[in-house]
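> Below, each chain spelled out in residue letters.
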Amino acid sequence: MLRFLIKRLLLASTTLVAISIVTFLLFFAVPTSPAWVMCGRNCSPERIAQVEQSLGLDQPITTQYTDFVKGVFAGRTFDDAGTIRECDAPCLGYSFRSQEPVTDSLARTLPVTLSIVIGAMVVFLTVGIGLGMLAALRKGSVFDRVAIGASVGFASTQTYTLGGVLLLVLVYSTGILPNPSYTPITENPLAWASGLLLPWITLGLINSALYARLSRAQMIETLTEDFVRTARAKGLPARTVNRRHALRAAITPLVTIAGVDLGSYLGGVVITESVFSLNGIGRAAADAVADLNLPLVMATVLVAAFFIVTMNIIVDMLYAVIDPRVRLG
Amino acid sequence: MTTSTSPAAATVDPEAYLQVRDLRVQFPTEDGLVRAVDGVTFSVRRGQTLGIVGESGSGKSVTSMSILGLHNPDRTKISGEISVGGKNIVGMKEEQIRRLRGKDMAMIFQDPLSALHPYYKVGVQIAEAYKVHHPSASKKAATTRAVEMLDRVGIPQPQRRANQYPHEFSGGMRQRAMIAMALVNDPALLIADEPTTALDVTVQAQILELLEDLQREFQSAIIMITHDLGVVSQVADDVLVMYGGRPVETGSVEQIMKRPQHPYTWGLLASVPSLHGDANVDLVPIKGNPPSLINLPTGCAFNPRCRYAGQNGNRSFSEVPELRSAGEAGHQVACHMSFETRQRLYAEDIAHAGVAQ
Amino acid sequence: MTDLADSTASAATTTVPAREPLLKVEGLTKHFPVRSGGWGKASVVRAVENVSFEVRPGETLGLVGESGCGKTTTGRMLVRLLEPTSGKITFEGEDITRTKGAKLRKLRQDIQIIFQDPYASLNPRHTVGRIVAMPLQVNGIEPPGGVKKRVQELLETVGLNPEHYNRYPHEFSGGQRQRIGIARALALKPKLIVADEPVSALDVSIQAQVVNLLRQLQRDLGLSFVFIAHDLAVVRHFCERIAVMYLGRMVEIGTREQIYEKPAHPYTRALLSAVPDVTRLGSASRIKLEGDVPSPIDPPSGCVFHTRCWKAQEKCSAEAPKLLPNPNGSTSACHFPETGKLF
Numbered sequence: 001m002l003r004f005l006i007k008r009l010l011l012a013s014t015t016l017v018a019i020s021i022v023t024f025l026l027f028f029a030v031p032t033s034p035a036w037v038m039c040g041r042n043c044s045p046e047r048i049a050q051v052e053q054s055l056g057l058d059q060p061i062t063t064q065y066t067d068f069v070k071g072v073f074a075g076r077t078f079d080d081a082g083t084i085r086e087c088d089a090p091c092l093g094y095s096f097r098s099q100e101p102v103t104d105s106l107a108r109t110l111p112v113t114l115s116i117v118i119g120a121m122v123v124f125l126t127v128g129i130g131l132g133m134l135a136a137l138r139k140g141s142v143f144d145r146v147a148i149g150a151s152v153g154f155a156s157t158q159t160y161t162l163g164g165v166l167l168l169v170l171v172y173s174t175g176i177l178p179n180p181s182y183t184p185i186t187e188n189p190l191a192w193a194s195g196l197l198l199p200w201i202t203l204g205l206i207n208s209a210l211y212a213r214l215s216r217a218q219m220i221e222t223l224t225e226d227f228v229r230t231a232r233a234k235g236l237p238a239r240t241v242n243r244r245h246a247l248r249a250a251i252t253p254l255v256t257i258a259g260v261d262l263g264s265y266l267g268g269v270v271i272t273e274s275v276f277s278l279n280g281i282g283r284a285a286a287d288a289v290a291d292l293n294l295p296l297v298m299a300t301v302l303v304a305a306f307f308i309v310t311m312n313i314i315v316d317m318l319y320a321v322i323d324p325r326v327r328l329g
Numbered sequence: 001m002t003t004s005t006s007p008a009a010a011t012v013d014p015e016a017y018l019q020v021r022d023l024r025v026q027f028p029t030e031d032g033l034v035r036a037v038d039g040v041t042f043s044v045r046r047g048q049t050l051g052i053v054g055e056s057g058s059g060k061s062v063t064s065m066s067i068l069g070l071h072n073p074d075r076t077k078i079s080g081e082i083s084v085g086g087k088n089i090v091g092m093k094e095e096q097i098r099r100l101r102g103k104d105m106a107m108i109f110q111d112p113l114s115a116l117h118p119y120y121k122v123g124v125q126i127a128e129a130y131k132v133h134h135p136s137a138s139k140k141a142a143t144t145r146a147v148e149m150l151d152r153v154g155i156p157q158p159q160r161r162a163n164q165y166p167h168e169f170s171g172g173m174r175q176r177a178m179i180a181m182a183l184v185n186d187p188a189l190l191i192a193d194e195p196t197t198a199l200d201v202t203v204q205a206q207i208l209e210l211l212e213d214l215q216r217e218f219q220s221a222i223i224m225i226t227h228d229l230g231v232v233s234q235v236a237d238d239v240l241v242m243y244g245g246r247p248v249e250t251g252s253v254e255q256i257m258k259r260p261q262h263p264y265t266w267g268l269l270a271s272v273p274s275l276h277g278d279a280n281v282d283l284v285p286i287k288g289n290p291p292s293l294i295n296l297p298t299g300c301a302f303n304p305r306c307r308y309a310g311q312n313g314n315r316s317f318s319e320v321p322e323l324r325s326a327g328e329a330g331h332q333v334a335c336h337m338s339f340e341t342r343q344r345l346y347a348e349d350i351a352h353a354g355v356a357q
Numbered sequence: 001m002t003d004l005a006d007s008t009a010s011a012a013t014t015t016v017p018a019r020e021p022l023l024k025v026e027g028l029t030k031h032f033p034v035r036s037g038g039w040g041k042a043s044v045v046r047a048v049e050n051v052s053f054e055v056r057p058g059e060t061l062g063l064v065g066e067s068g069c070g071k072t073t074t075g076r077m078l079v080r081l082l083e084p085t086s087g088k089i090t091f092e093g094e095d096i097t098r099t100k101g102a103k104l105r106k107l108r109q110d111i112q113i114i115f116q117d118p119y120a121s122l123n124p125r126h127t128v129g130r131i132v133a134m135p136l137q138v139n140g141i142e143p144p145g146g147v148k149k150r151v152q153e154l155l156e157t158v159g160l161n162p163e164h165y166n167r168y169p170h171e172f173s174g175g176q177r178q179r180i181g182i183a184r185a186l187a188l189k190p191k192l193i194v195a196d197e198p199v200s201a202l203d204v205s206i207q208a209q210v211v212n213l214l215r216q217l218q219r220d221l222g223l224s225f226v227f228i229a230h231d232l233a234v235v236r237h238f239c240e241r242i243a244v245m246y247l248g249r250m251v252e253i254g255t256r257e258q259i260y261e262k263p264a265h266p267y268t269r270a271l272l273s274a275v276p277d278v279t280r281l282g283s284a285s286r287i288k289l290e291g292d293v294p295s296p297i298d299p300p301s302g303c304v305f306h307t308r309c310w311k312a313q314e315k316c317s318a319e320a321p322k323l324l325p326n327p328n329g330s331t332s333a334c335h336f337p338e339t340g341k342l343f
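Here the protein sequences line up with chains A, B and C, keeping their order. Each residue of the first sequence is one higher than the one before, counting from 1 in full-length UniProt numbering. Each residue of the second sequence is one higher than the one before, counting from 1 in full-length UniProt numbering. Each residue of the third sequence is one higher than the one before, counting from 1 in full-length UniProt numbering.
Just so you know, not all the hints are guaranteed correct.
Stated by the list, open to error - Here are the computed lysine-lysine pairs in the DSBU-like style, where the Cα-Cα straight-line distance is at most 35 Å:
1) C:24 - B:258
2) B:93 - A:139
3) B:258 - A:139
4) C:262 - C:288
To be clear, the hints were calculated from the coordinates, so they are not data collected in a lab.
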């Protein structure tokens with residue numbers, strides 16, 4: 001177990017370093033300079049050079065990269081035309097656009113995305129897996145057909161379509177729900193929940209469809225397994241057979257998919273955040289790319305990569321916990 | 001016996017713990033009606049073993065599944081009578097059958113690795129089987145009982161083994177654990193579906209011996225389902241040979257193995273190589289392949305593979321032969337040929353080949 | 001069928017001088033590295049350990065033993081699907097242990113393998129004609145009369161309808177599929193066929209059909225066989241000489257009569273007496289082996305069978321027995337070989 005963890009953590013760090021280098025290189029491969037974006041069309045070449053110097057873009061790429069890495073682990077000092085700014089580790093630099101420390105903007109946007117994703121996940125895991133399992137147990141029934149038919153419908157819907165319709169119906173026309181907004185859960189849990197209900201439902205329903213179909217297929221397959229027949233031959237009631245014996249085995253592969261999904265969603269759900277005008281990390285990343293805002297691009301890319309890599313390790317370890325046959329090594 | 005109007009019913013022993021009368025099991029499918037079991041009658045007393053022999057698709061496994069009521073009631077048409085300890089379970093409510101399952105009748109399967117749940121410890125799985133029929137028993141009592149059973153079926157260090165998962169057991173140990181689980185509630189009827197097919201011969205010998213041992217101790221009625229005539233001849237008192245969902249021959253193990261009457265039984269015996277006799281004689285295989293249960297040949301289902309079909313005019317192809325006395329008491333065969341013809345053919349063609357030697 | 005057979009059989013006897021073994025295996029060993037335990041301690045599975053035997057032209061050798069005894073691994077090494085850890089394989093007087101490239105391809109024409117699972121070993125997307133023709137095409141062989149004619153001949157030889165040339169494997173039954181596998185193995189006119197459990201996946205009534213076919217091919221074409229099986233009765237029916245393996249070692253080798261009537265090694269006896277036999281009704285006197293086969297990662301000291309042997313003495317756990325000739329004529333690795341008839 002320990003050996004496995006060390007091995008995987010080493011691999012994960014290498015991955016993150018590689019991703020940061022690639023991001024850096026890609027950034028400089030773009031033919032426009034951030035200075036152009038910031039300064040506007042009628043900027044004189046002198047002004048541009050000045051801006052580039054203040055952003056540190058006049059240094060060679062290697063220096064910029066080592067400075068960035070040094071900042072992450074040891075902190076760094078910025079000298080912006082005489083103004084000295086101390087940036088403590090972990091320093092991800094200052095946003096080119098707002099001059100706000102990148103760590104601050106992560107601290108502001110990450111909780112928003114986290115709240116959206118966790119809530120949506122609860123919806124799609126319970127609704128999706130619940131529906132899928134019930135459909136599998138009543139395979140071929142009206143319920144099964146309706147549930148699977150609906151899931152095909154939802155799966156082919158896009159977030160902006162469903163989100164837009166829900167906004168129109170539940171917020172603008174009827175006012176049943178407040179306009180989506182983010183309130184920290186520590187401040188007012190009720191406002192937190194009611195403000196995020198709509199994105200939860202939207203993201204939740206669309207993903208439920210996928211999970212319903214996956215879990216139905218898994219469950220149907222598991223129900224034909226020999227050990228399920230053994231459980232019935234023991235005289236266990238159908239409910240015990242389905243829950244203790246079939247469900248437990250059917251759900252294992254779903255853990256992988258849910259874990260990987262969680263990892264990728266935590267890096268930002270751009271469309272959901274945009275549709276409901278929530279300032280999550282996904283939107284911050286999209287804006288940073290449009291603005292050529294290197295420090296923020298680096299930060300959001302690394303955060304997204306970090307979640308994916310971490311969730312992969314967690315999923316593999318969970319697998320070993322669920323299935324005793326799996327040995328890590 | 002031959003005067004009975006319903007020859008099949010004659011074989012049911014009214015004293016027997018399990019009595020199956022004219023069992024028919026059918027599955028409607030898109031391709032047509034599958035007659036998986038088509039009129040089977042047999043009985044097993046406590047302390048006795050019935051061997052059911054047949055190839056894949058002979059209906060032997062479906063028969064056992066319907067005795068435990070494990071078929072899907074929505075997709076199965078079942079008729080006839082299955083009396084377990086005096087209770088007819090055909091038409092019984094699922095909840096009532098469930099209470100019998102694992103308690104009055106239990107089953108062990110071919111592949112113990114896939115038949116045991118991979119995520120639960122062996123002891124837990126056995127304790128669960130005990131607890132479901134002894135709801136008042138404490139968890140501790142159920143676990144103690146599980147360890148006791150593991151010990152009884154010859155698993156060394158049962159305490160430690162109960163805490164292991166099935167994949168940590170060897171094939172033979174897994175099948176022992178499976179037997180422990182089946183016998184945890186002292187069932188009067190045990191159905192063993194190819195219990196040793198997946199095992200090596202020396203392990204098979206251990207398991208068969210264990211089953212005999214336990215049968216002596218608990219006086220269980222055992223149904224041994226297998227394609228292996230060697231296994232049957234070793235453990236069975238009576239034998240039922242099935243083909244295409246129908247019984248073709250039934251009798252004592254001595255009658256079936258030493259004086260077989262049906263050409264299919266002959267075929268099975270003459271096609272199995274033996275450890276004795278002349279190894280240089282060619283086997284006498286049964287030509288062709290087992291039939292599809294959706295589209296059984298008309299008349300005798302065995303007729304396309306039978307070397308002697310057509311001996312009695314057109315009857316092999318038009319008339320389903322019924323089980324009739326084959327001469328000795330308790331020995332019945334479903335074949336159109338006369339007793340004398342069968343005697344002659346057996347001596348001429350079969351007696352020298354395979355294990356029939 | 002018979003005239004084709006005669007020519008091949010005589011060819012086989014003329015190319016190799018009589019008594020010269022076709023295949024000679026000396027000290028064949030295969031170890032698989034594995035990791036075990038939380039920290040992944042490296043260890044080896046001793047799958048095959050110092051196995052030696054010979055197969056003469058036209059001879060059928062049976063390799064028997066229970067699962068994990070190394071018989072399949074041995075077979076795979078013979079056809080060079082696995083690289084031996086050590087030991088030497090000689091075919092027609094030539095060392096083929098490490099043969100590579102074009103020479104290996106040539107060798108593969110002479111030594112063919114038939115697998116257990118007729119379902120898995122045929123490509124479901126290819127027609128039977130293509131499957132059987134594949135070895136010819138891969139080796140760039142243009143038989144007289146064309147590939148199609150040769151394939152149809154082969155199909156006929158194995159008892160299939162040559163007109164079914166264009167059908168797919170799923171249109172055939174299990175027994176017929178195994179016949180396709182046999183036809184493919186015969187395509188290059190091999191001298192030796194390694195048959196790995198060729199009938200154990202088949203229904204009883206079908207097994208006999210395939211066993212009879214193999215016997216007929218062996219007789220008619222003068223082929224040599226290494227026949228790997230766990231079913232001792234099938235092996236007795238097909239093989240003239242039998243080698244018994246236990247835990248990667250060869251414990252006894254001898255003729256059919258020696259092995260089946262007067263086996264010398266206690267394990268051979270136990271194995272034979274464990275086979276349920278129709279001719280012995282009821283639970284006849286069986287030699288009962290206790291416990292399971294030990295792990296090949298950590299085999300017992302001395303004679304590997306001593307942990308389950310009823311005759312074991314101190315010497316057995318201390319000293320590994322050598323393969324030596326017995327009074328019954330067989331060769332076995334036992335300090336205290338049995339004498340006398342088995343049944």
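> Could you run down the list of hints and mark each one as holding or not?
Hints, one by one, checked against the model:
1. C:24 - B:258: Since the Cα atoms of residue 24 of chain C and residue 258 of chain B sit roughly 44 Å apart, the hinted pair is violated (cutoff 35 Å).
2. B:93 - A:139: holds (21 Å)
3. B:258 - A:139: violated (49 Å)
4. C:262 - C:288: holds (18 Å)
In the structure shown, a violation is registered for the earlier hints numbered 1 and 3, in ascending order.
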